[in-house]
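Undergrad: All chains, please: the whole structure from these sequences, using the hints.
Chains as they are written, first to last, in our numbering: chain A, 1 to 176; chain B, 177 to 507.
Be aware that one or more of the hints could be misleading.
No more than 27 Å apart at the CA atoms, straight line, and that leaves these computed lysine-lysine pairs for DSS-like [claimed, not checked]: (1) 239/B / 253/B; (2) 373/B / 8/A; (3) 211/B / 12/A; (4) 8/A / 485/B.
No lab work stands behind these hints: they were computed from the structure.
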Amino acid sequence: MTLWRDIKGTFKAYWVTLRNLFRRPVTIQYPDEKRTPYPRYRARIVLTRDPDGGERCVACYLCSAACPVDCISMQAEEREDGRRQAAWFRINFTRCIFCGLCAEACPTLAIQMSPDYEICNRDPLNLVYEKEDLLINDGGKDNEYNFYKHAGIGVVNPRGGNDDETPPANVKDLLP
Amino acid sequence: MTDFLIDLALILVKIGLVFFILLTGAAYMVLAERKLLGRMQLRYGPNRVGPFGLLQPLADAIKLVAKEDFIPSHGDKVLFFVAPGIAAVTALLTFAVVPFGPPITLFGREVPLVICDLNIGVLYFLGLSSLAVYGVTLGGWASNSKYALLGSIRALAQLISYELSMGLSIVPVVLMARSFSLTEIVNAQAGIPFALKNPLAFVIFLISVFAESKRIPFDMPEAENEIVAGFHTEYSGMRFGLFFVGEYINVIILSSMVTIFFLGGWHGPLLPPIVWFFAKVMLISFCFIWTRGTLPRLRYDQLMHFGWKLLVPLALANVIITGAVLLWLNG
Chain A
1 MTLWRDIKGT
11 FKAYWVTLRN
21 LFRRPVTIQY
31 PDEKRTPYPR
41 YRARIVLTRD
51 PDGGERCVAC
61 YLCSAACPVD
71 CISMQAEERE
81 DGRRQAAWFR
91 INFTRCIFCG
101 LCAEACPTLA
111 IQMSPDYEIC
121 NRDPLNLVYE
131 KEDLLINDGG
141 KDNEYNFYKH
151 AGIGVVNPRG
161 GNDDETPPAN
171 VKDLLP
Chain B
177 MTDFLIDLAL
187 ILVKIGLVFF
197 ILLTGAAYMV
207 LAERKLLGRM
217 QLRYGPNRVG
227 PFGLLQPLAD
237 AIKLVAKEDF
247 IPSHGDKVLF
257 FVAPGIAAVT
267 ALLTFAVVPF
277 GPPITLFGRE
287 VPLVICDLNI
297 GVLYFLGLSS
307 LAVYGVTLGG
317 WASNSKYALL
327 GSIRALAQLI
337 SYELSMGLSI
347 VPVVLMARSF
357 SLTEIVNAQA
367 GIPFALKNPL
377 AFVIFLISVF
387 AESKRIPFDM
397 PEAENEIVAG
407 FHTEYSGMRF
417 GLFFVGEYIN
427 VIILSSMVTI
437 FFLGGWHGPL
447 LPPIVWFFAK
457 VMLISFCFIW
467 TRGTLPRLRY
477 DQLMHFGWKL
487 LVPLALANVI
497 ITGAVLLWLN
507 G
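TA: In structure tokens, the structure reads:
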């Protein structure tokens, strides 16, 4: 009966291809049809702002250190009110591998991955993004988070002046 | 004198028309194949050039003509030039004997819808399909490449083996029609097509024709994942294009042969004869594409075993049985 099985097997395949002929193709025809990436899709990197509109980045170099391909570079500076920021901040997207380690390393949630994947370009120099290209007027994924409301010793608020802090105790009062 | 001129003009118009339709048909066969294969694999296939990708054959032709014409060093230059021509011309010439409709009346004379109604049309077809082997073999030989040579050796062995079973499966048709002329064979099927009268011969012929066209599942001569592209590995540009077009013209020719020998040619109810003929040819051509989308490639020894140990004996037995039955019925 193997002959019969072989013949049946041969013709079953015809039925399968015929059925597939009338099914909808799974192709997404890219420039015309675009699929929406998931919110946590890792594509173009952005620098976000806190709810007050200030830059979140404190130029701590952690992202730059975490980056496996060394595509992030910056120069730190201090503003007059004592807030740290980046004098310049540069991401070379021709090198970036979109691994997301910089976003994980960032202590202030400043650097984040966005789902905007259409940054391909004919000139590689157009892919070197400066700080003003990277900054967006939004808080990104954790909109309410404001680093200086929780940390940053005595920079924005006086020491211990944040909502979730208590003022420093006077050590001399505590003497027995 | 004017009679002669009108005759000549009619013949030339007929040849031009057939030539044009055949070449355009072959070009669009490529498109149809790519689209259908794509849909079978849940893709769209070419749909960028023109509406529904209908201008794709044109774009392909421009691409082929514009490509570099590469000639391998140490190859046989003359044969290398001639081989693609043989492949394409033998395919084209076969269509000379294909009757695609009953005779029509034009300018007060009867015009047969066939370029040349040879009384040995069947032999002409078999002879040209044997000649077509030369194109493939010489092309592979002249390329001075091991893949091309392997491909052409395979093609040679395969085509010769399957020509045998193909020829033998036509013998019952000739016996039943009592003629070698393709027009007579079609006319003999006015009632019942031979595919119903002799289904075994039909199946053998269909399989042999698939092997004859060197397409999946019998595409050993150009098995991509074993010998690169087989006999046309070294060909590029329009020379490759000739092999390519020749293959698709061959598909159309072989489909028309299946139609003529077994499906009753232009005979059919209601619709005009030419429409019936084209519909049947399209159906068989679709079967070619469908098979390509469905079956995997046979192994070389399986191919040879299948041809020599199964198809040829079956076809031989079929010839004897058909002959005996015809003798008993008419005797």
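Undergrad: Honestly, which of those hints from before does the structure not fit?
TA: none
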